[in-house]
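Spelled out, the chains give:
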Amino acid sequence: MHKSASFTPEGLYPRKTKLTITISIVIVSTFYLLSSIMTESFLLDLFIKMPNVFGLIGEFFPPEWSYLEEIWPKLFETIHIAIIATTVAVIISIPFSLLTANNVTTNHWLYQAMRFLLNIIRTVPDIILAVVFVGLFGIGAFSGIIALIVFAVGILVKLMSEVIESIDMNPSEAIRASGGNGLQTIYFAIVPQVLPQFISFSLYVFELNIRASLVLGLVGAGGIGQLLNKEINFFNYPAVSTIVIIVFAVVVIIDYISGKLREGLV
Amino acid sequence: MIEFKDVSLVYPNGTEGLKQVNVHIQEGEFVVIVGLSGAGKSTLIRSINRLVTPTKGELIVDGDDVLQLNNKQLRTLRTKVGMIFQSYNLVRRSTVMKNVMAGRLGYTGTWKSIFHLFSNEDKRLAYENLQRVNIEDKLYNRADELSGGQQQRVSIARVLAQQPKVMLADEPVASLDPPTSHQVMKYLKQINEEDNITTIVNLHFIDMAMEYADRIIGMRDGEIVFDGPVSQVSEQTFEQIYGRSIRDEDMRGGMKGA
Amino acid sequence: MTETTFTLPKKPNQRKVLIKRMIVLLVIVMIYFWTFSNMTINWGDIFSMRTIENIDRILPQFLQPAFSETPSILEKMVETVFIAYTGSLAAAIIAVPIAFLAASNMVKHTFWNQCGMWILGAIRAFPEIILAIIFVAAIGPNPFAGVLAIAIGSTGMLGKLYAEIIESIDMNVIEALQASGANKMQIFIYGILPQVLPEFLSYAIYRFEIDVRASSVLGIVGAGGIGMLITFAYMNRNWEEVGMILLSIIITVTIIDQISGFIRRRLV
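Residue numbers (the working numbering), protein chains in the order written: chain A, 1 to 266; chain B, 1001 to 1258; chain C, 2001 to 2268.
Hints were generated in silico from the structure; no laboratory data involved.
Please read all numbers here as calculations on a predicted model, not as lab measurements.
Certain hints may be false.
Said to hold, decoys possible - In silico EDC-like pairs for lysine to aspartate or glutamate, Cα to Cα no more than 16 Å straight-line:
#1 C/K2011 - B/D1137
#2 B/K1098 - B/E1145
#3 C/K2010 - B/E1136
#4 C/K2011 - B/E1136
#5 C/K2160 - A/D255
#6 B/K1056 - B/D1137
All chains should be modelled from the sequences, with the hints used to inform the complete structure.
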């Protein structure tokens, strides 16, 4: 008893935790100061420049609605690019996701090689893929489609292989025990487990592809981004704001539909 | 019907699953295999439909040596040998009907099965078997909507749809509560008696083994240490098999003799 | 002995399910028909001699990155990381009040919850590069425009994730604090913050990973960072430099992913 009486806790946390927190805060703030100086951006500036932003927003309004006529064909091209790219990416991703799942691909080297390759692909931003393919195949929708396929495969294979790794192998044992052959085992025991997830991921990647394909045109890879690029260069802000509003509406609508579909799947 | 002749099994990691096992099981018998976990009960049962492959010996099932069969012959054998699992092994997202139809896959061509072109006869068989285990009203429910006992009954119906000669059950009641356990065992016993299907069940509950078995086989360390009719079995027998005194956890309890 | 034809019991709602499936199938077929009948791809152009020449010329250059450009690329890469850092940090802070507004267990007015969710949803619908275009137009082509685009864009996602975390906290703790007589500020600091802070930080760091990728392309529209070099190199058909830029992005992103993954594992 007398031992504990002489001991007064220093605070709510042990000294080591306090030290870690202090050091972390110092590092984070130092980096912040450094980066603010490097990028010449202080959050205070935001408030100083606010009038500028609002002034510009004035220039954006009112949107030029007659410009819609020109938007529709390019908008549809954008959606088509996303549909084709997503479809092809899903088809490619299924065999590759089997190669990247460690319960299917038992060869350690192949598995590691596939993972390494996919990790590299996922680090490359979609627009840079578009730049490279526009260089190779010329300006147009085809380059955009190829860029989005590569981009989508990187994401899809990772998501799909995780689902395959987490499936319950017991039902496939039961089907084998009742005399089913290899194909029947896959079709009756494995497909029902992974199909809803695969469809859900495909829709999710479609959402991502819609967003990406809207801007790919900035580097000449087809779709509405090309219009956007042109109008910005001509400082035709009312037209730009029409495009931005349409882009906004399309993203909201497609996210909503896709979200509802995905909710219904699980 | 089933005959093990000097069957041994060594797993790739060196563990000996079975050591020189010799057993002869007659048609229509209800055999319960008892033993502690790791004693080789599962290995013995899974050798019969070759979910695991013994490394030595001869294993005759319905006239054929299982160890000599090629893939196609093996699938034919498996249609004759039904299996029930501890964790039911149903496809949880599929309907009860689809799960039971899976029992007909061995009789159905690959393409036909992929487009769900099962014959009317197959569908009738599936439905009748669901009726036998009193779960026909859940026909179009998804398997994951059912309780554990209901799922195990569906898996019995799946096995019956195979029209098997042998029925294997690997710890069929280990995941169920006592009343449901007895219900499932009663169905197995009833099917064994009515259809004369040879039934082999792994159990580690002594009271249930005594209640339902015709014959008990005791295993320890991959060897058969007891084999005889229930009438010869006493508490001492189990103490020999388990190599220790009997504890509460070796009993399922529940509606005994009911 | 009468042979009765066997029929399975009817599926409940079989007609309805069938009709629903037919409609879904029809819609999918129509979408694909619409897509493929409208897509005009000039296959002749794509599989032409020019493409083959391009591949022949570009690929070898691409695979010999211009290491001589390393200093200038490195400088821009650092700027890219700093843009992402400043933007994520700002977003991590701005997102907090909006998330509390949107969380239904913190603000008990459905109207304000909806308001918060709506703001966050609206922000998420704008691709970052479009935000960057707007800010470049407003304050000129400099890194600050990039920082703002990242900050606003990230707020959308972080706010939504934060709100989900807040809604999942254990409210019993708060009840206990109320019972012991704590005021609102004390409840916030002792009851809510400790529950949400580790996950807030983890998501903020995760968002930083995404922002590094995002800020490396913002330069294409003039918002600072390595993206500007991409535009120049691409216009000058300087493929060695594009290759070098790509290489440096891959390395930087990989390193940052590793560091951030390490910190996040220790946080949770």
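Here's how the hints hold up against the structure:
| no. | hint | verdict |
| --- | --- | --- |
| 1 | C/K2011 - B/D1137 | 11 Å, holds |
| 2 | B/K1098 - B/E1145 | 14 Å, holds |
| 3 | C/K2010 - B/E1136 | 12 Å, holds |
| 4 | C/K2011 - B/E1136 | 12 Å, holds |
| 5 | C/K2160 - A/D255 | 15 Å, holds |
| 6 | B/K1056 - B/D1137 | 47 Å, violated |
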